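**Student:** Below, each chain spelled out in residue letters.
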Amino acid sequence: MKPHTDPSDSELLQAMLAGEERALAALYRRRQGGIYRFALQMCGSQALAEDVTQEVFMVLIRDGHTFDPTRGSLNAFLVGVARNLLLRRLQRERFYVPIEETSDNDAGTHESLLTNGGPLEDLSRLETINSVRTAVLALPERYREVVVLCDLQEMSYVEAAEVLSCAVGTVRSRLHRARALLIERLRPAPEEQASTTANSARCFA
Amino acid sequence: MNCQNFEIIVNELARRQMMQADVREQALTHTSECEACALRLADERALTQQLCAVTIQMSEMEAPARIETELLAAFRKNQFTSQSSRRRPTAVSDWRYWVTAAAAVMLIVIGIAAMRSRPSPVAAENPYVPTIGPKVAGNLAKPSDTVDEPKPISSPEQGNRLASHKPRRHANASISQSNSAESGSRREASLADRDATVAANYGGNEIATDFLPVGYTSPMNLQDGGQVMRVELPRSTLASFGLPVNMDRVNERVKADVLVGPDGQARAIRFVQ
Numbered sequence: 014m015k016p017h018t019d020p021s022d023s024e025l026l027q028a029m030l031a032g033e034e035r036a037l038a039a040l041y042r043r044r045q046g047g048i049y050r051f052a053l054q055m056c057g058s059q060a061l062a063e064d065v066t067q068e069v070f071m072v073l074i075r076d077g078h079t080f081d082p083t084r085g086s087l088n089a090f091l092v093g094v095a096r097n098l099l100l101r102r103l104q105r106e107r108f109y110v111p112i113e114e115t116s117d118n119d120a121g122t123h124e125s126l127l128t129n130g131g132p133l134e135d136l137s138r139l140e141t142i143n144s145v146r147t148a149v150l151a152l153p154e155r156y157r158e159v160v161v162l163c164d165l166q167e168m169s170y171v172e173a174a175e176v177l178s179c180a181v182g183t184v185r186s187r188l189h190r191a192r193a194l195l196i197e198r199l200r201p202a203p204e205e206q207a208s209t210t211a212n213s214a215r216c217f218a
Numbered sequence: 364m365n366c367q368n369f370e371i372i373v374n375e376l377a378r379r380q381m382m383q384a385d386v387r388e389q390a391l392t393h394t395s396e397c398e399a400c401a402l403r404l405a406d407e408r409a410l411t412q413q414l415c416a417v418t419i420q421m422s423e424m425e426a427p428a429r430i431e432t433e434l435l436a437a438f439r440k441n442q443f444t445s446q447s448s449r450r451r452p453t454a455v456s457d458w459r460y461w462v463t464a465a466a467a468v469m470l471i472v473i474g475i476a477a478m479r480s481r482p483s484p485v486a487a488e489n490p491y492v493p494t495i496g497p498k499v500a501g502n503l504a505k506p507s508d509t510v511d512e513p514k515p516i517s518s519p520e521q522g523n524r525l526a527s528h529k530p531r532r533h534a535n536a537s538i539s540q541s542n543s544a545e546s547g548s549r550r551e552a553s554l555a556d557r558d559a560t561v562a563a564n565y566g567g568n569e570i571a572t573d574f575l576p577v578g579y580t581s582p583m584n585l586q587d588g589g590q591v592m593r594v595e596l597p598r599s600t601l602a603s604f605g606l607p608v609n610m611d612r613v614n615e616r617v618k619a620d621v622l623v624g625p626d627g628q629a630r631a632i633r634f635v636q
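Chains H and D are the protein sequences, given in the same order. Each residue of the first sequence is one higher than the last, beginning at 14 in the numbering used here. Each residue of the second sequence is one higher than the last, beginning at 364 in the numbering used here.
Chain H extracted, bound-state conformation (with noise of 0.2 Å):
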């Protein structure tokens, strides 16, 4: 019996150019969810992810063509057009949304996150997490980037150089400074941390 095999993306994107609507559905679930967190983890913005998601497809369908699978993978190809949309997009409406804005989704997934453990180890995780997501929406585009690449989508770095159309030891070093950047801005500031020493020194005491 011959064992059932996925199609891969190549294939999927040959039969959706050939007309095929199944393989755009398939390629699109399977490829759909990592284009809109890249987008939604540039941006802090669900709409203009949601956009961005849809416009990636758009151009696959109407630009399938050009794509060429000896520079890269197809999911490379569409996270780059993901990035440049994007940009684009952000500079020209040049501003970001805060990231408290909250969906039904969000609400899911901080439901999964507080059946670990206590509310308030629950409620301290969750303050990390947005403090993380805030602090990585500030860097600067070309670090954001690296980090939401190769840390949040756990991209290698040779993926990551294909979808920035640039080097490795480019990725490598931005995302290096990225990453001493972030420590940086996660660190709390000395009065706050000298009050807590304090505090547990009292408590101690």
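No lab work stands behind these hints, which were simulated from the structure alone. It is possible that some hints are incorrect.
[As the list claims (entries may be wrong)] Facing chain H, according to a computed beta carbon distance under 8 Å, are these residues of chain D, among others:
1. Asn374
2. Asp406
3. Leu414
4. Thr418
5. Gln420
6. Ala426
7. Pro427
8. Glu431
9. Leu434
10. Asn441
11. Glu569
[Claimed, not checked] So, partial list: chain D residues that the calculated Cβ filter (under 7 Å) puts toward chain H:
12. Ala428
13. Thr432
14. Ile471
15. Ile475
All figures in this text were calculated on a predicted structure; none of them were measured in a lab. Note that beta-carbon positions come from the ideal geometry of N, C-alpha and C, so glycine has one too.
We have chain H; now place chain D onto it with these hints.
**Tutor:** Then chain D, alone, in the frame of chain H:
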């Protein structure tokens, strides 16, 4: 391993990336010896954990289902459009294409013909360039013995209006020409004198109107050619051609060039100042 080398690989170490085992061992040994590098590694590891928490939190996030619906609808529409555009080049569209192309070519040919039939303004101002027809141009450029001879005018009305323009020198030239016994050199001199006369009459300081058709002459008849004669007319004649007349000078005369056709009838007139 020193601190500088440790700084290069601290990211990979904190992110648990693949690296050589001995390098990893050296880095960990260095952290046990160097407190600053140990703190640096701790910060990096803490950041990695925080970023992992963000990744886990967002791992379930997806675009809303309506986007997929809209995309599939757009895909169907795109397919329909491309199919219909593929069908379009049929025999009917080919027929329309050729008809449109033929019409465009005809328009271009008609336009060129119309432009050629119109006298150019530069030529109208310069009497030595053909303005009305080839015969007129030939007469002006190469004045023959009969160029300025007024032809008989059949219409008495036009005859009254037109006065014969025959300069004195021109008349002398005619006389000298009629005398065939005179020497060739004298004949050449008279022709040169005639050229000078024509040039003087059509000097560059004259201002002339366009040729106005006389009577019900069709503009096509003006292309048959003819002869141009310089005449003098009462100034009141200007009014009959719709031109303004200065009533203070109504008794004065005005110069005009009359185009006389091959049949001797006046075809057109222009007024000269």
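**Student:** Against each hint, give a clear statement of whether it holds in the structure.
**Tutor:** For each hint, the structure was consulted:
| no. | hint | in the structure |
| --- | --- | --- |
| 1 | Asn374 | 5 Å, holds |
| 2 | Asp406 | 5 Å, holds |
| 3 | Leu414 | 4 Å, holds |
| 4 | Thr418 | 5 Å, holds |
| 5 | Gln420 | 5 Å, holds |
| 6 | Ala426 | 4 Å, holds |
| 7 | Pro427 | 6 Å, holds |
| 8 | Glu431 | 6 Å, holds |
| 9 | Leu434 | 5 Å, holds |
| 10 | Asn441 | 6 Å, holds |
| 11 | Glu569 | 67 Å, violated |
| 12 | Ala428 | 10 Å, violated |
| 13 | Thr432 | 10 Å, violated |
| 14 | Ile471 | 38 Å, violated |
| 15 | Ile475 | 44 Å, violated |
Against the hints set out earlier in the document, violations occur for numbers 11, 12, 13, 14 and 15.
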